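Participant: Kindly produce the complete structure, drawing on both the sequences and the hints.
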Amino acid sequence: MNPLSTPTVTFARAIKSWVQTNPALTQMLRRWYYQWLLRDTGHNFVRQEINGRVWKLAPRFALHANLYEPQVGQWLQDWLRPGDVFWDVGANVGLIAIAAATLVQPAGHVLAIEPAPGNLRDLQRHVELNNVAETVRIIRAAVCDRHGGNVSLSLLGEDGNSCSNSLMFSGTTVAASPKTSQSMDVPAISLDGLWQERGQVPTVIKIDVEGAEWLVLQGATTLLQQKNAPILILAVHPFWLAHPDEVVAIQTHLEALGYSLQDGQGHRPERLGYGEYSRFG
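For the sequence shown, this note's numbering gives the first residue as 679, with consecutive numbering after it.
If you're looking for bench data, these hints aren't it; they were derived computationally from the structure.
Here the structure is a predicted model, which means the values were calculated and not measured.
There could be a bad hint or two in this list.
Label pairs and their calculated CB-CB ranges [to be verified]:
#1 Ala927 - Gly827: 22 to 30 Å
#2 Arg731 - Glu812: 16 to 24 Å
#3 Glu875 - Gln783: 18 to 26 Å
#4 Gly959 - Ala927: 15 to 23 Å
Don't be surprised by glycine CBs; every beta carbon is placed ideally from N, CA and C.
Facilitator: Structure representation (structure tokens):
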């Protein structure tokens, strides 16, 4: 039986929005949900179909919809081949990384870079559950414009178990920035530094860093000037950038390096879209 169709999961999804207003109740019901899910299915994971393939996920993801960006999945299928290299910058819980791993196996590899401890736990678990541990290397770090030392990461939600942790929220003046639960220091790396260490240009890089896009690209100029420069899949969040004109700066910078912009519908817009993935190739 697919766990997503069990009465336990159906009921949990129905009351999700209501219980989230009470943290203590949320914790109690979460423990109850995991116990009943295990009783119903005999497993401590759920199966979910994404892009025609069934993945094993941590139990809490049965309660979430829209876990995966279908356009990104299609792009990966179009561009990645066995033996290729994929870097996932802001890997979150690893759904894109594990999908990429199945495309580049057996000789290729994936770097999944994620700084938030809560997301890292789910990322590691998803890699193991889906049998791609030999292909995916997980790096605990925040990608920015410098290589080495630490940087302050603002966490959202419980233990940073959120899709919206960012380098940009700590002390920010951006009005749209969400309230953070805590900040923590995490290792800082740059894409240029990572490339120099590994000595291999990736085939594709996905970047989803909640407003820190410009910092990431400033630390990748040398890599992006290579003759075999990677294709970029970039999610831009204009409402969380330090300055509104950074959207223009990002596009101008990449076009100066020889990149051209394409949106999720295959069009070539004049400027980057709001909060959605764009492709630079």
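Participant: Now look at each hint and say whether the structure bears it out.
Facilitator: Tested hints:
1. Ala927 - Gly827: 22 to 30 Å: holds, 24 Å
2. Arg731 - Glu812: 16 to 24 Å: At roughly 19 Å between Cβ atoms, Glu812 and Arg731 fall inside 16 to 24 Å, so the hint holds.
3. Glu875 - Gln783: 18 to 26 Å: The hint (18 to 26 Å, Cβ to Cβ) holds, given that Glu875 and Gln783 are roughly 23 Å apart.
4. Gly959 - Ala927: 15 to 23 Å: holds, 19 Å
Of the numbered hints given earlier, the model fails none.
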